[in-house]
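In the order they appear, the protein sequences are chains A and B. Under full-length UniProt numbering, the first residue of the first sequence is numbered 1, with each subsequent residue one higher. Under full-length UniProt numbering, the first residue of the second sequence is numbered 1, with each subsequent residue one higher.
Certain hints may be false.
Facing chain A, a subset of chain B residues (Cβ under 8 Å, in silico) [claimed, not checked]:
#, residue
1, 18
2, 89
3, 91
Calculated from the model, a selection of chain B residues having no Cβ within reach of chain A, i.e. all distances over 10 Å [as the list claims (entries may be wrong)]:
#, residue
4, 1
5, 2
6, 14
7, 17
8, 19
9, 28
10, 34
11, 45
12, 52
13, 62
14, 63
15, 81
16, 82
17, 96
18, 111
Hints are computed from structural coordinates only; laboratory data are not their basis. Model, not experiment: these values are computed from the prediction. Even for Gly, the Cβ is constructed at its ideal location relative to N, Cα and C.
So the chains spell out like this:
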Amino acid sequence: MSIFKKIMTAIRGGATEVGEAIVDANSTRIFEQEIRDAENHLTRAKRDLTGVMAQQMAASREVDRIKREITEHEGYAVQALEKDDETLALAVAEKISALESELSAQQQALDSFEGNANRLKDLVKKSERQVQEYKRQLSMVKTTESVQKATSAITDNFSSSNSKLLSAKDSLERIKAKQQKFDDQLKAAEVLESENSDNSLEAKLKAAGIGGTENSANSVLERLKAKQK
Amino acid sequence: MNIHKIANHLNALADNSETGMVFDCQPISGEVDVLQISVIGREELPIFVSVTDDQVLCITYLWGEDEVVPEKKADMHEAMLEMNIPCPLSSFSKIGDKYVIFGALSISSSFEDIEHELAVLSNNALEVIDDMSDFLL
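Here chain A stands alone, though its shape is the one from the complex:
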């Protein structure tokens, strides 16, 4: 059964009760051990791979050297034949033949190293993917556990602080009311601010003798005098 399915079954089965673990601690530990084992295998495979690749490079260099030597000796053999020295040519040809069998052995070794290296590379890649997958699964188990434990910590905190959990709608209403109050205050402050600036403008205009006439005693007297006439 996949980890996903296990967690789902456990949650649906009501394992969400406080204190009841989704996947028991023991199997989590075993799982962690498996991951560590896989990682050890991976390290070993990588080390082996380095060794094989070094051998592969050495074999490849050896193959090149023998090939060069064969070409060189083929040149010597031709030169010996040109000088009609059949015996020398034969000796060189024997040397070439020995080199060729050495080449074939060395080539075989190289092929085998190459095969090994490729196999190990595949193994390393596969193991790396496997470890990643194990870690993803472990993370699912651990996250589920952590959420459960966090939930019980939160629940304990709520019940100990005696704070009553509001319904979602009530919470929203209260938050909106607070927001409204804040907005109103902001608006009120703005209105007040603009009134203040109106007042100051009026004062400035008055000082400059512009705008509203003042109902001073003098102006009242002037008006009464005008009526008498």
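We have chain A; now place chain B onto it with these hints.
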């Protein structure tokens, strides 16, 4: 990353957060460390943050199963599933008998990422309750 670093960062922000929100952090002790984060003005919908081996989980409780209009439950589930992708950064889930909205971040997230996540989560939570209120008692 751990909840104490997050708490220190958010408390140090005070009024200078990028998001304009003011966060109040309070650690809750238990088997797993949990940080209760209240956004000022939205104390009724706190965000709970916990840190695991590879992620930072931010969870807000939305409503209880008992707050759902019984005959509208299936419709509500459908609506929540459909909203799951459009809803920025947050997803829905259920813990026990409580519906929750949550965001999960990589453990290597920056403080700015976490702050952004919390602000978006808080906004999402408010909006979701508003939008889903037809399904609720």
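Going through the hints against the structure:
A distance limit of 8 Å between C-beta atoms decides the matter here; for residue 18 of chain B the minimum to chain A is near 20 Å, and the interface restraint is violated. Nearest Cβ of chain A to the Cβ of residue 89 of chain B: about 18 Å, over the 8 Å cut. The hint is violated. A hinted interface residue such as residue 91 of chain B counts as satisfied when its beta carbon comes closer than 8 Å to some beta carbon of chain A; here the least separation is about 13 Å, so the hint is violated. Non-interface status of residue 1 of chain B relative to chain A is upheld: no Cβ of that chain comes within 10 Å, the nearest being about 14 Å off.
Even its closest Cβ contact with chain A, about 13 Å, leaves residue 2 of chain B beyond 10 Å, as expected for a residue assigned away from the interface. Every Cβ of chain A is farther than 10 Å from the Cβ of residue 14 of chain B; the closest lies at roughly 18 Å, confirming the non-interface assignment. Every CB of chain A is more than 10 Å from the CB of residue 17 of chain B (nearest about 17 Å), matching its label as outside the interface. Residue-level check passed: residue 19 of chain B sits 15 Å from the nearest beta carbon of chain A, beyond 10 Å.
For residue 28 of chain B, the requirement that its beta carbon stay farther than 10 Å from each beta carbon of chain A is not met, with the minimum near 5 Å. Under the 10 Å C-beta cut-off, the non-interface status given to residue 34 of chain B relative to chain A is violated; the minimum distance is some 5 Å. For residue 45 of chain B, the condition that its CB be more than 10 Å from all CB atoms of chain A is violated, with the nearest at approximately 6 Å. Its closest Cβ contact with chain A, about 5 Å, brings residue 52 of chain B to no more than 10 Å, contrary to its assignment away from the interface.
The claim that residue 62 of chain B lies off the interface is violated: its Cβ sits roughly 6 Å from the closest Cβ of chain A, which falls inside the 10 Å cut-off. Chain A draws residue 63 of chain B into its interface by the beta-carbon criterion, the shortest separation being 4 Å against a cut-off of 10 Å. Residue placement check: residue 81 of chain B keeps its beta carbon more than 10 Å from all beta carbons of chain A (closest about 16 Å). Listed as a non-interface residue, residue 82 of chain B keeps its Cβ farther than 10 Å from every Cβ of chain A; the least gap is roughly 19 Å.
Distance check on residue 96 of chain B: its Cβ comes as close as 5 Å (rounded) to a Cβ of chain A, failing to clear the 10 Å threshold; non-interface status is violated. Every CB of chain A is more than 10 Å from the CB of residue 111 of chain B (nearest about 21 Å), matching its label as outside the interface.
Of the hints listed earlier, those the structure fails to meet are numbers 1, 2, 3, 9, 10, 11, 12, 13, 14 and 17, in rising order.
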